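Participant: Here is what each chain is made of, one letter per residue.
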Amino acid sequence: MKVSIIKYNAGNIRSVDYALRRLGIEAEITADEKALRQSDRIIFPGVGEASSTMEYMRREGLDRLIPTFRQPVLGICLGMQLLCRSSEEGGAKGMNIFDTVDIRRFCPQEKAEKVPHMGWNTIQNLKGPLYKGIEEGSFVYFVHSYYAPLSPYAAATADYILPFSASLQKGNFFATQFHPEKSGKVGERILKNFIELSETGL
Amino acid sequence: MLAKRIIPCLDIKDGMTVKGTNFVNLREAGDPVELGRAYSEQGADELVYLDITASHEGRKTFTELVKKVAATLSIPFTVGGGIHELGDVARLLEAGADKVSVNSAAIRRPELIDEIALHFGSQVCVCAIDAKKTPEGSWICYLNGGRIPTGRTLFEWAHEAAGRGAGEILFTSMDHDGVHTGYANEALVELSESLPIPVIASGGAGKMEHFKEAFTLGKADAALAAGVFHFGEIGIADLKKYLHEEGVNVRL
Numbered sequence: 001m002k003v004s005i006i007k008y009n010a011g012n013i014r015s016v017d018y019a020l021r022r023l024g025i026e027a028e029i030t031a032d033e034k035a036l037r038q039s040d041r042i043i044f045p046g047v048g049e050a051s052s053t054m055e056y057m058r059r060e061g062l063d064r065l066i067p068t069f070r071q072p073v074l075g076i077c078l079g080m081q082l083l084c085r086s087s088e089e090g091g092a093k094g095m096n097i098f099d100t101v102d103i104r105r106f107c108p109q110e111k112a113e114k115v116p117h118m119g120w121n122t123i124q125n126l127k128g129p130l131y132k133g134i135e136e137g138s139f140v141y142f143v144h145s146y147y148a149p150l151s152p153y154a155a156a157t158a159d160y161i162l163p164f165s166a167s168l169q170k171g172n173f174f175a176t177q178f179h180p181e182k183s184g185k186v187g188e189r190i191l192k193n194f195i196e197l198s199e200t201g202l
Numbered sequence: 001m002l003a004k005r006i007i008p009c010l011d012i013k014d015g016m017t018v019k020g021t022n023f024v025n026l027r028e029a030g031d032p033v034e035l036g037r038a039y040s041e042q043g044a045d046e047l048v049y050l051d052i053t054a055s056h057e058g059r060k061t062f063t064e065l066v067k068k069v070a071a072t073l074s075i076p077f078t079v080g081g082g083i084h085e086l087g088d089v090a091r092l093l094e095a096g097a098d099k100v101s102v103n104s105a106a107i108r109r110p111e112l113i114d115e116i117a118l119h120f121g122s123q124v125c126v127c128a129i130d131a132k133k134t135p136e137g138s139w140i141c142y143l144n145g146g147r148i149p150t151g152r153t154l155f156e157w158a159h160e161a162a163g164r165g166a167g168e169i170l171f172t173s174m175d176h177d178g179v180h181t182g183y184a185n186e187a188l189v190e191l192s193e194s195l196p197i198p199v200i201a202s203g204g205a206g207k208m209e210h211f212k213e214a215f216t217l218g219k220a221d222a223a224l225a226a227g228v229f230h231f232g233e234i235g236i237a238d239l240k241k242y243l244h245e246e247g248v249n250v251r252l
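If you read the protein sequences in the order shown, they are chains H and V.
Residues 1 to 202 in the numbering used here are what the first sequence spells out, letter by letter.
Residues 1 to 252 in the numbering used here are what the second sequence spells out, letter by letter.
Simulated from the structure, these hints should not be mistaken for lab results.
Please read these numbers as outputs of a predicted model, since none were measured by experiment.
Any given hint could turn out to be false.
Unchecked claim - Computed footprint of chain V on chain H; a stretch qualifies when at least three of its residues, placed anywhere within it, have a C-beta under 8 Å from a C-beta of chain V:
hint: 1; segment: 11-22
hint: 2; segment: 46-55
hint: 3; segment: 105-114
hint: 4; segment: 182-192
We put the CB at the ideal spot given by N, CA and C, even for glycine.
Extracted from the complex, chain H is given alone in its bound form (with noise of 0.2 Å):
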């Protein structure tokens, strides 16, 4: 099992290879086409600001190669984002996987609605092999200012301000806005199910 997070200027990727390697996977962290392709998980971590990273993703041909992975690969935070067709955020044009999805920027109505969505939240509706054993309502942590909206690709909710897609899947491709890494034993088990797809089927 070959394990590769993409290597860019994302903020979480030392988060994401620790918490893998609490899991006994050594990942390699590359932006290398050929061991990429090689790979049989590939993890999109990120943090950091939509339209500048998405710029980088270009100029680095990320953004043509990603869409032509054919293993499963899992997107979180902003990595989940730059998969939809685009973001309020600076206005950019995402990688288009889920075609329909378009990032918008949380509009908080009343004085206790925060942002960034900062914190432990529940989600819900969970769907597909990543939340096998996974209980509905269990809290994961979130840290952003954008969400994607609902959608017929969301394979979790989340309810903050409004009800938004906490995580999508369309065939390989998986992605969370929350964060799997820093959310304890849940996040653990969800990056574990992604990690051992093949042995549930995607």
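Based on the hints, put chain V in the right spot on chain H.
Facilitator: The following block gives chain V in isolation, referenced to the frame of chain H:
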């Protein structure tokens, strides 16, 4: 629903936890990694590690500690103490910290907050404010762990920090800190209801009711404490069960 957070704070000197603990089954009671792991297993939502060492050698030890904490814990953690410039932030984030907390250096040079937000995003920047109420009733900010008063007041500085890109405000009431009579709920509610970013309550926890009041009266998004957890006076699992029963939304 978004849960209210419980955050134990560990003071670190030369790589060890300063305040003693009543924890059993730890290989070494002062080991900050083991203590963090124990808190995490009991249900802490986040941790804060505060470097109170002044020396250059101590800084290096602290950075090594941050790496170990990041490798061990699967919950977010903030580090603070001695962060003066962007290079300090880069070093600690590179070591694996999720957020950094800035205090005196940001009051002295507020642009530090803009720089952190621009380079690393608002979500990594916690602005810690130590303040004390004057007899006239205004809250004055203090520097250097509460030793030097400034001309800044709590509310205007908190708003400026939020405007410059801080992602959270960690407010410690020096009047309440260590007294165990509850958080400064009146100031907290004013902060929470006027700021667009989350507020962490700090200083004053002595009983479980105090945490509930920080959330219900103070409208805080998170409550931080040190002594009551370290000395085993309040167990985190018990606290969260209590808060849940009292109708506060917590992660169980």
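Participant: Out of the numbered hints, which ones does the structure contradict?
Facilitator: When the structure is compared with the hints, none of them turns out to be violated.
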